[in-house]
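Asker: Now for the letters of each chain:
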Amino acid sequence: MSYTATWTRVSGTGETMNRTLAAGLAICALFAVCAVFAGRLSPHDPLAQNLAARLQPPSAVHPMGTDELGRDVLSRMLHAAGVSLTVGLVSVGIATVIGTTLGLIAGFYGGLPDTLIMRAVDIMLCFPVFFLILMVVAFLKPNVFNIMVIIGLTSWPGLARYVRGEVLSLRESEFVRSAVMAGFGAGRLLFVHILPNVLVPVVVTFSLGVGGAILTESALSFLGLGVQPPQPSWGNILLAGKEYIHMAWWLSVFPGLAIFFAVIGFTLSGEGIRQWLNPRERG
Amino acid sequence: MLRFLTQRTAVLIPTFIGITLVTFLVVNLSPGGPQVVQDLNVRVSSETRERLVRLYGLDRPVHQRYLSWLRRAVLLDFGTSFKDGKPVMAKIAERLPATLLLNILSLGLVFVVGCLAGIIAAAYRNRWPDRLIDAGVFLGYAVPKYWLALLMMILFGIKLGWLPISGLRSINWEYLSPWRQVTDIAAHLVLPVVILSIGGFAGLARYVRGRMGEELDSDYVRGALAQGASENAVLFGHAFRNTLIPVVTILGLSLPELIGGAFIIETIFSYPGMGRLGFDAIMARDYPLIMGIGTITALLTLAGNFIADVLYGYLDPRIRYR
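Here the protein sequences line up with chains A and B, keeping their order.
Under the numbering used here, the first residue of the first sequence carries the number 9, and numbering increases by one thereafter.
Under the numbering used here, the first residue of the second sequence carries the number 3, and numbering increases by one thereafter.
What the hints contain is simulated information worked out from the structure, not anything from laboratory work.
Any given hint could turn out to be false.
If you want the footprint, here are the derived chain A segments under chain B, 3+ residues with CB under 8 Å [stated by the list, open to error]:
1. 123–132
2. 137–149
3. 242–256
4. 262–269
A virtual CB, placed ideally from N, CA and C, is assigned to each residue, including glycine.
Same shape as in the complex, but just chain A (with noise of 0.2 Å):
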């Protein structure tokens, strides 16, 4: 596999990939073919209602069965992939970028203003997170613009602590020391010398990231805040399965399922990225 023969080299540890992380990214890639190709694997038309045949149980021309209007579960699972999928990346990769930038200069300046930073910090941590994400969906329209800035906008804090941590560390190790000796600016430092010795954690709590922020946005989707019927997310095909749960429980199973193992793809990612680099720690 050339792949892991790129990555070895640049991980320097001549180990190839180990089991987790092949395991995770064989998850994430097949939701990620999934939503992809939704349109083309996806045996019906996902909005297509049939009310003569509501409610079915999984059969071999509806695979999942169908939902309370009659429409295909199967291809709505995989139109909401992607939906999911999206949330996911779109709202940790914010989260991310403030977090770490936060983090830096929190680290690097020190003073001022990483009292701000890191007194917002620990406002956030006290914060009861989904109870503000709940209110702003709700006040603003709940879709999936909304739904993934807010979740990006109110999941930075640990990281920024994290990597304030590490800035420290690094700003008193040997080779930045001489970088500041030799005359090198704020910017060469920050960018050239620290930020890339932080960047495998930051990888890392991204991979975990985007698994929570699923778990969130389709908590918001089966409270009816998140994303809008009739464009299909595993957590709204859920909420029917809760209205339905006597007699429909393929409403409930899949649905959960595919969030279930959408995170552990995520989470087994991060962990064997952590475990690669970390040849020591035991996962």
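Take the given structure of chain A and dock chain B to it, following the hints.
Answerer: Same frame as chain A, but now just chain B:
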């Protein structure tokens, strides 16, 4: 000790102001007004509408409104609900015991199960009990809790009929004998408490395992074993006692997540707690009630962290409050 307490309290104040200010701004600057003003009959004249807006103080600038809100909130007076005119504090007080019960039981369960799992995993490092617990921890983190709630409702509530799946009490609760009243509430609590705790086990078990591993590798443990102390005595009496200290802090920090989870869990199980009240308040845009619940939730979290801090010093004699 006194100085430590005043110092900690001083730190709480900006945090409290920060949380309530952000909540207040989000509530008041969002487009659209509260439902009472929005959903009026179309025939209501604009004068009446304006009078209502003035009555609720919605015409004043935001900073003035926040300051006057804060002045009253310090005395735990959050005004009256837009929806039914009842005092917000009375509405919260009615729901708070149920939420505290749910959260304290979950916290206790997380503590006991998380620590035990961590200890067992550390004692059997890299053998099957450790791997089994590790897998369980991982699955517990990844599973959507509300989905698990649905599955358990189907299994234990509908298919097996062992446990009730909604509310805190049966309809005929008042006519039951005192003993049956207690068991009835306990039965209603099983599913919400277990599901609320599942996310917490994962982090704690993993943490305890890591710390216990370090402790078990240390010289004093080897020394105790060499002197003939039994393995269990070393595990629980020596290594775990040292692990316990940071665990208290971890539990304190897990409070926001637990309370956040309670919003979903209470809604699913129609549990008469503050989380569901908060959800309904958000849906109705009941500003005073939202602010009240946000503030009380924040206060509970801060109190939890504060208690954890104090306990930390109590458990670890090396830390002296000066």
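Asker: What hint numbers does the structure not satisfy?
Answerer: Of the numbered hints, all hold.
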